[in-house]
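Asks: So the chains spell out like this:
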Amino acid sequence: MPFIPHTDEDIQKMLGAIGVNSIDELFAEIPNELRSDDGLGNVAEGMSEMEVSRLMKERAEADARTLCFAGAGAYEHHIPAAVWELTTRGEFYSAYTPYQAEASQGTLQLLYEYQTMMSSLTGMDVSNASLYDGGSALAEAVLMAVRANRKSKSRRVLMPRTVHPNYRRVANNIVKNQGIVLEELDYDREGGFIDPDNLPKDPGDFAALIIPQPNFFGVLEEVDALTNWAHEHKALVIAVVNPTSLAILTPPGEWGETGADIACGDGQPLGAPLSSGGPYFGFMCCRDSFVRQMPGRIIGRTTDLDGKEGFALTLQAREQHIRRSKATSNICTNQGLLVTAATIYMSLVGAQGLERVASACHENTLNLLDALADVSGSNKLFNRPLFHEAVIQLELPVEDVMRALSVQGIIGGVSLADDYPELGNAILVCATETKTAADIETFIAALQRIAKRLTANACPVQPKMA
Amino acid sequence: MLIFEKSKKNRVNAPQAPLSEATRSGIPEQFRRKQRTNLPEVSEMQAVRHYTQLSQKNFSIDTHFYPLGSCTMKYNPRASNTLSMLPGFLGRHPESPDNLSQGFLACMYDLQEILKEVTGMKAVSLGPMAGAQGEFAGVAMIRAYHDARNDDARTEILVPDAAHGTNPATATMCNYKVKEIPTNSDGDVDIEALKAAVGPQTAGIMLTNPSTLGVFERRIKEIANIVHKAGGLLYYDGANLNAILGKVKPGDMGFDVIHMNLHKTFSTPHGGGGPGAGPVGVSERLEPFLPVPLVAKKDDEYYWLKEKDRPQSIGRLSTFMGNAGVLLRAYIYARLLGKEGMHRVAEFATLNANYMMAELKKAGFDMAYPNRLATHEFILTLKKQAKDLGVNTMDFAKRLLDYGFHAPTTYFPLLVPECLLIEPTETEALEDIDAFIEAMKAIQKEAETDAEKVKGAPYTLPVRKLDDVKAAKELDLSWKPAAQ
Amino acid sequence: MSNVPQELRYTKNHEWVSLNDDGTVTIGITDHAQHLLGDLVFVELPEIGITFGQEEDCAVVESVKAASDVYCPLDGEVIGHNEALSDTPELINQDPYGDGWIFKLKPKDDGAFAELLDADAYNEIASEE
Numbered sequence: 008m009p010f011i012p013h014t015d016e017d018i019q020k021m022l023g024a025i026g027v028n029s030i031d032e033l034f035a036e037i038p039n040e041l042r043s044d045d046g047l048g049n050v051a052e053g054m055s056e057m058e059v060s061r062l063m064k065e066r067a068e069a070d071a072r073t074l075c076f077a078g079a080g081a082y083e084h085h086i087p088a089a090v091w092e093l094t095t096r097g098e099f100y101s102a103y104t105p106y107q108a109e110a111s112q113g114t115l116q117l118l119y120e121y122q123t124m125m126s127s128l129t130g131m132d133v134s135n136a137s138l139y140d141g142g143s144a145l146a147e148a149v150l151m152a153v154r155a156n157r158k159s160k161s162r163r164v165l166m167p168r169t170v171h172p173n174y175r176r177v178a179n180n181i182v183k184n185q186g187i188v189l190e191e192l193d194y195d196r197e198g199g200f201i202d203p204d205n206l207p208k209d210p211g212d213f214a215a216l217i218i219p220q221p222n223f224f225g226v227l228e229e230v231d232a233l234t235n236w237a238h239e240h241k242a243l244v245i246a247v248v249n250p251t252s253l254a255i256l257t258p259p260g261e262w263g264e265t266g267a268d269i270a271c272g273d274g275q276p277l278g279a280p281l282s283s284g285g286p287y288f289g290f291m292c293c294r295d296s297f298v299r300q301m302p303g304r305i306i307g308r309t310t311d312l313d314g315k316e317g318f319a320l321t322l323q324a325r326e327q328h329i330r331r332s333k334a335t336s337n338i339c340t341n342q343g344l345l346v347t348a349a350t351i352y353m354s355l356v357g358a359q360g361l362e363r364v365a366s367a368c369h370e371n372t373l374n375l376l377d378a379l380a381d382v383s384g385s386n387k388l389f390n391r392p393l394f395h396e397a398v399i400q401l402e403l404p405v406e407d408v409m410r411a412l413s414v415q416g417i418i419g420g421v422s423l424a425d426d427y428p429e430l431g432n433a434i435l436v437c438a439t440e441t442k443t444a445a446d447i448e449t450f451i452a453a454l455q456r457i458a459k460r461l462t463a464n465a466c467p468v469q470p471k472m473a
Numbered sequence: 042m043l044i045f046e047k048s049k050k051n052r053v054n055a056p057q058a059p060l061s062e063a064t065r066s067g068i069p070e071q072f073r074r075k076q077r078t079n080l081p082e083v084s085e086m087q088a089v090r091h092y093t094q095l096s097q098k099n100f101s102i103d104t105h106f107y108p109l110g111s112c113t114m115k116y117n118p119r120a121s122n123t124l125s126m127l128p129g130f131l132g133r134h135p136e137s138p139d140n141l142s143q144g145f146l147a148c149m150y151d152l153q154e155i156l157k158e159v160t161g162m163k164a165v166s167l168g169p170m171a172g173a174q175g176e177f178a179g180v181a182m183i184r185a186y187h188d189a190r191n192d193d194a195r196t197e198i199l200v201p202d203a204a205h206g207t208n209p210a211t212a213t214m215c216n217y218k219v220k221e222i223p224t225n226s227d228g229d230v231d232i233e234a235l236k237a238a239v240g241p242q243t244a245g246i247m248l249t250n251p252s253t254l255g256v257f258e259r260r261i262k263e264i265a266n267i268v269h270k271a272g273g274l275l276y277y278d279g280a281n282l283n284a285i286l287g288k289v290k291p292g293d294m295g296f297d298v299i300h301m302n303l304h305k306t307f308s309t310p311h312g313g314g315g316p317g318a319g320p321v322g323v324s325e326r327l328e329p330f331l332p333v334p335l336v337a338k339k340d341d342e343y344y345w346l347k348e349k350d351r352p353q354s355i356g357r358l359s360t361f362m363g364n365a366g367v368l369l370r371a372y373i374y375a376r377l378l379g380k381e382g383m384h385r386v387a388e389f390a391t392l393n394a395n396y397m398m399a400e401l402k403k404a405g406f407d408m409a410y411p412n413r414l415a416t417h418e419f420i421l422t423l424k425k426q427a428k429d430l431g432v433n434t435m436d437f438a439k440r441l442l443d444y445g446f447h448a449p450t451t452y453f454p455l456l457v458p459e460c461l462l463i464e465p466t467e468t469e470a471l472e473d474i475d476a477f478i479e480a481m482k483a484i485q486k487e488a489e490t491d492a493e494k495v496k497g498a499p500y501t502l503p504v505r506k507l508d509d510v511k512a513a514k515e516l517d518l519s520w521k522p523a524a525q
Numbered sequence: 776m777s778n779v780p781q782e783l784r785y786t787k788n789h790e791w792v793s794l795n796d797d798g799t800v801t802i803g804i805t806d807h808a809q810h811l812l813g814d815l816v817f818v819e820l821p822e823i824g825i826t827f828g829q830e831e832d833c834a835v836v837e838s839v840k841a842a843s844d845v846y847c848p849l850d851g852e853v854i855g856h857n858e859a860l861s862d863t864p865e866l867i868n869q870d871p872y873g874d875g876w877i878f879k880l881k882p883k884d885d886g887a888f889a890e891l892l893d894a895d896a897y898n899e900i901a902s903e904e
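Protein chains in written order, with the working numbering: chain A, 8 to 473; chain B, 42 to 525; chain C, 776 to 904.
Any given hint could be a false lead.
[Said to hold, decoys possible] What follows is a set of in silico ranges between Cβ atoms, one per label pair, in the way DEER data are often shown:
no. : chain 1 : residue 1 : chain 2 : residue 2 : range
1   : B       : ARG73     : A       : LYS241    : 43 to 53 Å
2   : C       : ALA894    : B       : GLN242    : 31 to 41 Å
3   : B       : ALA337    : C       : ILE823    : 53 to 63 Å
4   : B       : GLU85     : A       : GLY23     : 54 to 64 Å
Hints in this document: simulated from the structure, not taken from any laboratory. Bear in mind the structure is a predicted one, so any value in this text is a computation, not a measurement. Note that CB positions come from ideal geometry on N, CA and C, so glycine has one too.
Between the sequences and the hints, there should be enough to build the whole structure, so can you do that?
Replies: Now the structure itself:
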C-alpha cells in the first residue's frame, strides 16, 4: 500500500485496542446515505513510481527546452546549484510554519536573515516573511496602505497603467470587495512612463499612489518626483520593484524626500525557477511605524530562559489565528520554501554578485535591442532609460510572428496586443544574463527569416475580383 | 551566528554570478543606487555549511513524528519532488504558448478531473495559492453569485465558533459581517441557534467537516437544508479532507463551493510555511464565477481559458497560474495512489487517530469529546493537569520536544480549554504512534512528581523556552551592522 | 478576585470610566481585562481630536496572545491620550486604574456617564466569565 506502513497484524492489534471489528466501523458517524465508498470511478488505478516517472518524463519532454526572451514578471536567471540542493533538504522541505520555535530555529533564523536581506535591498526598515506572489503582494499592500494612512480616510488608490497588467487585475479582484477603487493613471505615449509634469493638478483625496520601478515596459519611472507628489497630497507610496534591479537602482526607501512607505514585488528572480508561473513568492517591506499593519508572518530575535539568542514568530496578534475577523489579512500559509531558496541565493551571489547579475541582464538586453535595430520592420518604443526589458513594435501581426517563432522553439517575448492595443503590434522583450551572443543571433536570424516569409505572403498584389 | 557575521568585505563568490564586473551602462546617475546592499560575501562552502547547519536545527516530517493537528503532516514522497523538477517543467515560462506547453497542461487538466471526482463538484480551478486564498476565492464566488442575482440584502456569513481563524478573516476581506454559531456539547453545530441565525441577510455558511473539533458533523444534510432554504450557500473548508477521502464527497453533503489544501491531503511539502495550493471546486450554479486560468481540452489538445473566455469569473488571484510546481507534486502523488490508494488514506488516518485516542484514554488522559469517534484527529484536554498539577498544555508541548516529537497543535480550537489537537496521519507506523503514547505517559508521570521539570522544558533543543513578550515589545526584525 | 473600585463606572466590554471635575472623562481597561490579556506589548492610542460614537472601537491593546479593541464608552471627542503607554504598555498591567489610563474624552451628552454600569453590576459580569 503506497506510503502506509501497517501490516495486517498491526491492523488487528489496533482495531482490538479501539474495540471495533473493522476499519469501516470507525466511519459509523457518517450518515449512510452520504457514503460513497466506490465513488472514485474516474480516478485511474495507482501506478508504480517507475510508471509515473515514465509518464512525467514524457510530458516534461513534450515541453521541450525553449530559447526564452520573455520576461514580463518571470525572469530566467542562473540559479546556483547549491540553492535547491539545500532547499530540498528534508529538514527545510518537510517542516511547517515554525509554531514551536525551539524546534524550528533553522527556519526561523533563516527567515530573520531573509528579512534583513530584503530590508537592505529595498532600503526599508522592516520586511515580513513572504506573501504568495507579486500580484497578490500588491493587493495586500493596497489594503495595508488604506488601513495605515491615518491622514486620509479615502478608499481611492492611484494605479498607473505601467504596472504589470496581471498585478492590476489581481489587486483589483482582491480589494474591490472592500469598496477600494483602483483608479488608473495613463502613461505618456512617447516615454512609456508616468510623466510627473502631467499628473492631475487637483487629484482629490486618495490613500496611496503605486509606483512601479522598473515599470512593466522596462522603463524607469521618475520615482523621486512621483513620491514627493504623493506625499504632498498626504497619500502613501507603494513601490512595486524587481529585487534584482535593486542591486543597482535606488531603493524605494530612498525615493524622494522621505522614501516610499511600502515596497513589494515578486521574489522570483532570487532563485525561483520559471516553473510555469509558480511557486514564486511575494515580498513586502515597510516603515517601522506601519509594522503592525503588515500582513503575514514576521520573525523577531529574542532570548531564551538562559539569555541565549533565539528567534520566534512575533506580532502574531495581527494575524488571523488570533484576530480572526479583524486580522490584517487572512493569509496563513505563505511561500516559506521559496524564501529559503531566495535567502540561500542571495548568500551565494552576495552583494557584488547581485550587482553583476543585474548589470549583465541589462547589458544583454541592450545588446538584443542593438541587434533588433537592424531588423527591418522592428522599432523600439519609448525613449527613456530602461532596465533589462523593452517594448518593440513590429510591422507584422504579433500573433503570427510569435507563432512562427514558437515553432522553432523560440519564445520571442510577450505580446502586448490585448493589454495595450494602442501600441499596435508590440512585444515586450528581455534578455537576462543567461543569454549568450549566439542566442541573440539565433533569435534575430529567425525573426528575419519569418519577417521575410510573412511579408512575402502578404505582398503579392491581390487579384481584383470582378 | 548569522550569515552576515560570517561575511567579509570584498570577498566575491565568483562562480555563482557572471564573471565580468558590473558596468551599469546606460543607467543615468539619478536612478543608481548609492550604497551597496549588505548581502553577505561568503564562499560557497561557507554558505552551504551555514544553511546545512541551520536545517539541522529543525524538526520536520523527514526527521520526526509531527502530529500537528489540522495540518496533515504526512510523508511527502520524494518522487513528487524529483519529477516535478524535471527541466521541461522548471524551464517553462508562464507566458509560453499553448503549443509549447502540452505536457504541463495535460497534467493540470488531469488534476482538475481528479479533484472533481474526489470532491463531487462540477468544476475545479487550480489557481488559488494556499488554503486561505482558496477560501477567499470561495467567498468571493458566493458574493458574485448573489450580486449576479441582484440580491444585495445578503450581508452576513455564518461561521461556527470553532472555525479556523482564516474563515472569519476571509469573510471580512469579502466585506461580509461575521456571525458566529455556537457548538453543542457533543461538538456538533447548534441547530437551533443556526435556525435562529439564518435569514434573508445570510449569504452563506463556512463549515469544516469533519470539524476542527475532530468529529464528523452528523447533521450536515439538515444544516445544508436550513441554509439553502434561507437562500444562502454552503462553503466547505477542505482543511480536513484527508479524513474523508474516498468515503464521502463534499458535493454529496450539499456544499456549493469548497477549497482543498493540497499541501495537506495531497502531500505536497509544507516547506517551513508554504508554498501550499488551495484549488476550489464548485457546484453547477457557481461554475461561471470560478477564478481563471482554467485548463480545457478539445480533440486531444489542451489550452488555457482566461478572462476573455470567462466573462463572469471572479478573475485571477495570482499573477500567472498559482503555485504550478505544487500542483504538479499533487498530481504525481494522486497518480501514485490511484483510486485504491486514495480510499486507504482516510481509512488509515482514521485508524491511527482512533487507536491513539483509545490508548491515551486508557492511560488516563481526558478527551474533549469522549463519546465520539475520532476522525483523522482528536482533541485531548489537559484542564485537569493544569488545575491540579500546575502543568499546562504549553508545558506538555515543550516537553514533548525533548522526547523527540513535534508537539501537536496547542490551544486550538479556542473552545476547548488547555487542548492538544492531535493528527497522526496515515503514514505513521504503529511503533511510532506507540512511542508517542509512551512519551505522553512519561510526561504525565513527571508532571505528578516533578512539575518544575516539565515547566522548564525544553532542555535538549538548540534553545530553551523563548521570551515571546520581549520579542513583541523590543522588536528586533533585522540585523544591523555594528556602528563603525 | 480582580480589583473593581467602587467610585468608577464600567462597560460590559471591560472599560472603566472616571468622571473628572471639568466634565470630561478618563478611560482605561479594567484589572480583570488586563489579567485576561496577559503581558501587554503594544497600545494603539486614539488620535486627539477625533470623535467616536458609543461602542465604536477606538484603540487596541495587544499582548502576545491577543489583540483586543477598546470600545468608546460614550459619544464624544478625544481630548488626550496617555503617551507613556507607547513605550511602556506594561503600565496597564501594573496600574490599570492609575498610570495605565488610556485616553480622555469630552462626552457629547453630560448625562451619559450616569447610565454606565456601577461596580456591582460590572463585578457580576466579570465574575461570570
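Asks: If a hint holds in the structure, say so; if it doesn't, say that too.
Replies: Evaluated hints:
Taken as a hint, the range 43 to 53 Å is violated for the pair B/ARG73 and A/LYS241, whose Cβ atoms sit roughly 30 Å apart. A hinted range of 31 to 41 Å for the beta carbons of C/ALA894 and B/GLN242 is consistent with their spacing of about 38 Å. At about 59 Å, the CB distance of B/ALA337 to C/ILE823 agrees with the hint of 53 to 63 Å. For the pair B/GLU85 and A/GLY23, the supplied restraint of 54 to 64 Å holds, since their beta-carbon distance comes to about 55 Å.
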